[in-house]
Amino acid sequence: MPDLIAKSPLAGRAALTLAGVTLSEPDLGQITSVAPFKGQDKALAKALKALGLSFPAPNQVSSTGDARLIWTGRDQAFLIGAAPQGLDGLAALTDQSDGWAALRLDGPGSGDVLARLYPLDLRAAAFPLGRVARAPLNHMSSILMRPGPQRFEVLVFRSMARTAWHEAEAAMRALAARAALA
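In numbering that gives the first Met the number 0, the protein residues as written are 0 to 181.
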């Protein structure tokens, strides 16, 4: 029996910095889809409170420490950075860890890079800290998050990881070329 080696979706890609923006692949750890069972909202809220979290409103994040509960759709959220302890029987729990890839953009121009890829207003007034959106990254389904003032994280299906990286890199190169002309 061969020994299998676990690899991240972008294994082998080193972080890339252009025009003050760094593109990298963060390790988000375990990702669990949490979808409340009918009639279990109050019990789920109590169990989440024990984790220091609450079920997020649409386009929002609930977080404490490294644990985040990210809205991903109607009656669905992704629990990232924590095990779903105490949630059994209260919600449908599905491990999504191997199905998604994450990209992180850090730096003052990160919003400008993503503005070339998303049909969204990503200025801080319209897309503040803790905001989440299910939106197309060009032709790919994605989840966009803003965990920091100059930081964005993008989740795409694992099979689209390299394509998403390519799209972000192309936008970064275009902005760097434009800055070089000025």
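Hint data in this document are derived by calculation from the structure and do not stem from the laboratory.
Small disclaimer: the values here were computed from a predicted structure and weren't measured.
Where hints are given, some of them may not hold.
[Stated by the list, open to error] Pairwise CB distance ranges, derived in the manner of DEER restraints: (1) Gln-149 <-> Gly-11: 23 to 29 angstroms; (2) Met-0 <-> Arg-177: 20 to 26 angstroms; (3) Asn-58 <-> Phe-36: 21 to 27 angstroms.
Glycine included, each C-beta is placed from N, C-alpha and C at the ideal position.
We went through each hint and held it up to the structure:
1. The given range of 23 to 29 angstroms is respected by Gln-149 and Gly-11, whose C-beta atoms sit roughly 26 angstroms from each other.
2. For the pair Met-0 and Arg-177, the beta carbons lie near 53 angstroms from each other, so the given range of 20 to 26 angstroms is not met.
3. Checked against the hint of 21 to 27 angstroms, the C-beta distance between Asn-58 and Phe-36 comes to roughly 23 angstroms, which is consistent with it.
When each numbered hint is compared with the structure, a violation occurs for hint 2 only.
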